[in-house]
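Undergrad: What follows is the residue order along each chain.
Number of protein chains: 2
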Amino acid sequence: MLLFFTLFFSLQSYTLVCQEGSEDQDAFFIKNLYTTALGQDLSYDWLAGLTSQCAGRLAGSAQSEKAIRYTKAILDTLGLSKTWLQPCIVPVWERGDKEQVKIMTSSRVTNRELNALALGFSGASPVQGITAEVVELHSIEETEKLGRKGLEGKIAFFNRPFDRTMLHTFRGYGSAVDQRVYGPAKAAEYGAVAALVRSMTPNIDDVPHTGVTVFKDSSKTIPAIAIATKDADLLSDLLQSGPVRVSVKTNCRTLPDKGSYNVIGEIKGSKYPDEVIVVGGHLDSWDICQGAHDDGAGCVQSMEVLQLLLKTGYQPQRTIRCVLFMNEESGSGGAKAYAEEAKKSNEKQYAAIETDAGGFTPRGISCEGEESTFIERFKKVHAWNDYFEPYDIRITKGGSGADVGHLKPFGTFLMGLRPDSQRYFDIHHAVTDTIDKVNRRELALGSATMASIIYLIDKYGL
Amino acid sequence: MLLFFTLFFSLQSYTLVCQEGSEDQDAFFIKNLYTTALGQDLSYDWLAGLTSQCAGRLAGSAQSEKAIRYTKAILDTLGLSKTWLQPCIVPVWERGDKEQVKIMTSSRVTNRELNALALGFSGASPVQGITAEVVELHSIEETEKLGRKGLEGKIAFFNRPFDRTMLHTFRGYGSAVDQRVYGPAKAAEYGAVAALVRSMTPNIDDVPHTGVTVFKDSSKTIPAIAIATKDADLLSDLLQSGPVRVSVKTNCRTLPDKGSYNVIGEIKGSKYPDEVIVVGGHLDSWDICQGAHDDGAGCVQSMEVLQLLLKTGYQPQRTIRCVLFMNEESGSGGAKAYAEEAKKSNEKQYAAIETDAGGFTPRGISCEGEESTFIERFKKVHAWNDYFEPYDIRITKGGSGADVGHLKPFGTFLMGLRPDSQRYFDIHHAVTDTIDKVNRRELALGSATMASIIYLIDKYGL
Chain V
388 MLLFFTLFFS LQSYTLVCQE GSEDQDAFFI KNLYTTALGQ DLSYDWLAGL
438 TSQCAGRLAG SAQSEKAIRY TKAILDTLGL SKTWLQPCIV PVWERGDKEQ
488 VKIMTSSRVT NRELNALALG FSGASPVQGI TAEVVELHSI EETEKLGRKG
538 LEGKIAFFNR PFDRTMLHTF RGYGSAVDQR VYGPAKAAEY GAVAALVRSM
588 TPNIDDVPHT GVTVFKDSSK TIPAIAIATK DADLLSDLLQ SGPVRVSVKT
638 NCRTLPDKGS YNVIGEIKGS KYPDEVIVVG GHLDSWDICQ GAHDDGAGCV
688 QSMEVLQLLL KTGYQPQRTI RCVLFMNEES GSGGAKAYAE EAKKSNEKQY
738 AAIETDAGGF TPRGISCEGE ESTFIERFKK VHAWNDYFEP YDIRITKGGS
788 GADVGHLKPF GTFLMGLRPD SQRYFDIHHA VTDTIDKVNR RELALGSATM
838 ASIIYLIDKY GL
Chain F
388 MLLFFTLFFS LQSYTLVCQE GSEDQDAFFI KNLYTTALGQ DLSYDWLAGL
438 TSQCAGRLAG SAQSEKAIRY TKAILDTLGL SKTWLQPCIV PVWERGDKEQ
488 VKIMTSSRVT NRELNALALG FSGASPVQGI TAEVVELHSI EETEKLGRKG
538 LEGKIAFFNR PFDRTMLHTF RGYGSAVDQR VYGPAKAAEY GAVAALVRSM
588 TPNIDDVPHT GVTVFKDSSK TIPAIAIATK DADLLSDLLQ SGPVRVSVKT
638 NCRTLPDKGS YNVIGEIKGS KYPDEVIVVG GHLDSWDICQ GAHDDGAGCV
688 QSMEVLQLLL KTGYQPQRTI RCVLFMNEES GSGGAKAYAE EAKKSNEKQY
738 AAIETDAGGF TPRGISCEGE ESTFIERFKK VHAWNDYFEP YDIRITKGGS
788 GADVGHLKPF GTFLMGLRPD SQRYFDIHHA VTDTIDKVNR RELALGSATM
838 ASIIYLIDKY GL
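Same order as they appear, the protein sequences are chains V and F. Letter by letter, the first sequence follows residues 388 to 849 of the working numbering. Letter by letter, the second sequence follows residues 388 to 849 of the working numbering.
Each computed DMTMM-like pair below joins lysine to aspartate or glutamate, with the alpha-carbon atoms no more than 20 angstroms apart:
#	chain 1	residue 1	chain 2	residue 2
1	V	Lys617	F	Asp432
2	V	Lys824	F	Asp823
3	F	Lys767	F	Asp413
4	V	Lys784	F	Glu776
5	F	Lys784	F	Glu758
6	F	Lys617	V	Asp432
7	V	Lys723	V	Glu452
8	V	Lys617	F	Asp823
Calculated Cβ distances over 12 angstroms to all of chain V for the following chain F residues:
#	residue
9	Glu452
10	Asp620
11	Ser634
Simulated from the structure, these hints should not be mistaken for lab results. Note that the structure is predicted; figures quoted are calculated from it, not measured. The beta-carbon is built from N, C-alpha and C at its ideal position, and this holds for glycine as well.
Just need the whole structure built from these sequences, with the hints factored in.
TA: Pasting the structure below:
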């Protein structure tokens, strides 16, 4: 790329929708938010601290407590109306020693260790491990078909791949993740002694990706472990030519529930202080990673939104509140506590936006809400698309997020920031979710996008 | 990010514009191109080979020759109608030993080495180096103002920053790069003994970014060197409190021009074989990097376009030609040779698309052309925006690229692939331009986008 810019910029028809003093002060203000975000952002530096000092901040862990203190201290520097810690109850699960999955015998390969990560809420194996024959499955339905006859005493291996041909990777994830969430418990019902799950990623590589699995009865757990996609392919290949025996060792444990906190800061509304617009992400991460994109990015972006509104001199009519939810990954204790508190208070949860899909270039804002009021409100919000056109961002209908979703019963207008999704499942729930995968500008553009929609909602109402 | 997908996908209003057997076969075919690209792409693996085996492939270098053989061999595997090497003439510049820039004396700092990279076509210093006082400048005009009186015997230091508040980073680049291209020669005119240029990046870090500088008279060169932005800030800061003497050492040299090649492969058109649609990137890179994004990505994407059209069974009416241009970075010898050859032939250069802005998620296709025919043709192409809507890609007016730009006199309809630009200047012309910065899916989506527009142009004409 040499002098290409001369061609590009002499000819490109870039529309400047906004000039100071022109009719559209809103377009001007929004441009100011983007410019401020790109030029005076703090979020990346905050994220560098969070990921280096508070990596592996699974709810209930010492690292999560450190993250609470770290982010609260940042909020305290911003000159907000109020900051506080909101108590919540979280389940506590610990991985224990490094899990082990090993192909013991097969037609070709023996004594081969696989790249593995126990799933959240996995049970422990006996101390000596479990060695058993592997049965490959591709769905929950297949588990039911095989039943006790096919699964008793076996290791169930869920291997339906993430569909990488889907344009939106969240759809690819959606195409496979039921196996991780429900597969191990279902296999345990039929007597399987352990479960292996193909990692949820479009890539074929050696990186295992963890995530939650659900055992309704925590006394009936089995070891449930994600293995890397390359290893899953190997295992599947070996199973073509005869039985494969695998040994599995975990010493995970689930401890009693514990108290923790959401971290909150707000700018009080000048006119409607009891009408609250929430912007939030989740503070917890998986234990094995920095949680840079998931969801350190969302936390620092949410704090940056307040910073941007203050720095650009905006005086909100409504209260703008940043909520760093605890425990999204493993139980939503934080979201539940926030919703319960909201129920008791006189506040109106007016609108909420969640950022929990990575700190990548924002591509859209998706909106949902209680049916009775949603259509009219969405019409209004949708009309603001023109303001986002210069930033290539679209307002659409769609899901919001796992945390703010708890506000749906309040009639809250719910939104989710939709960043470009192509890279998310490279790093999702894996040791590779590190700060070097986050780009400062992309992160800042997400903050500016959320600040802009909040500005419009606050100024014009819904 | 836990069960967020359930919310997202149960509610999102995703429009499927295409179903097999429905009215719109074109939407279906384009979906097939994207699906094939995401599921059966080869480009990332090609790029892994190119970057590991043929890093530092500056035109005229042994590595560039290796890259010619490497990519020709790939094209030969695709089952194309024809592949060939097209001779061209390229200038030859060599960096020589590692350049050195050192703060010798200043008010605070002494003997501090800076992170530096000589610019392409920089001259050599005397063997012992040059030590002189630094003068900071912010524009070419300022150089003229200072004149011989201010610059003779001095080291000119161009330090106007890349504007990082611009949404599109190519605009930020455009806001500063004239200093790199024209600054050193202008300073030399007024007797400066060397030139330092602040690296062209929005980041404040220790990574120097090279690029071409232009000396019209190659016997009147001076050492011209990019320094990292952190070092530029330090230097500027030191200059606030008194004179700073810096020593500079380079032993770059410019050798006589040399023969090289463009690498070309094509699928012959069934109906209009003499009407050619070009897709291309440039094969050369800077000497100090893998050139993964710039422009290894563009090369493998251009080859992938042919692969995708073959794999999806498309039989083009016109000839679809992939051209890997040599020497875009330092003289455009390849583009000139292609244009000259085109002039001599009976072919019509019908349309051309260039990909030289990084292998990131595609956001648009920008179009330009000779005035007399452009407006009508663009109207037709612009109407195809609907086909790209599901992929969040927009067809706009705008520049094409430095290589295909040479076809403008032929009345060719010219296009440029416009990927997301946020990360490009993190790695542009720097040692950090490596394969690990390229995402397989983003790369593949760029190929699918170009294959789609080529399909439409070929099928319906312009």
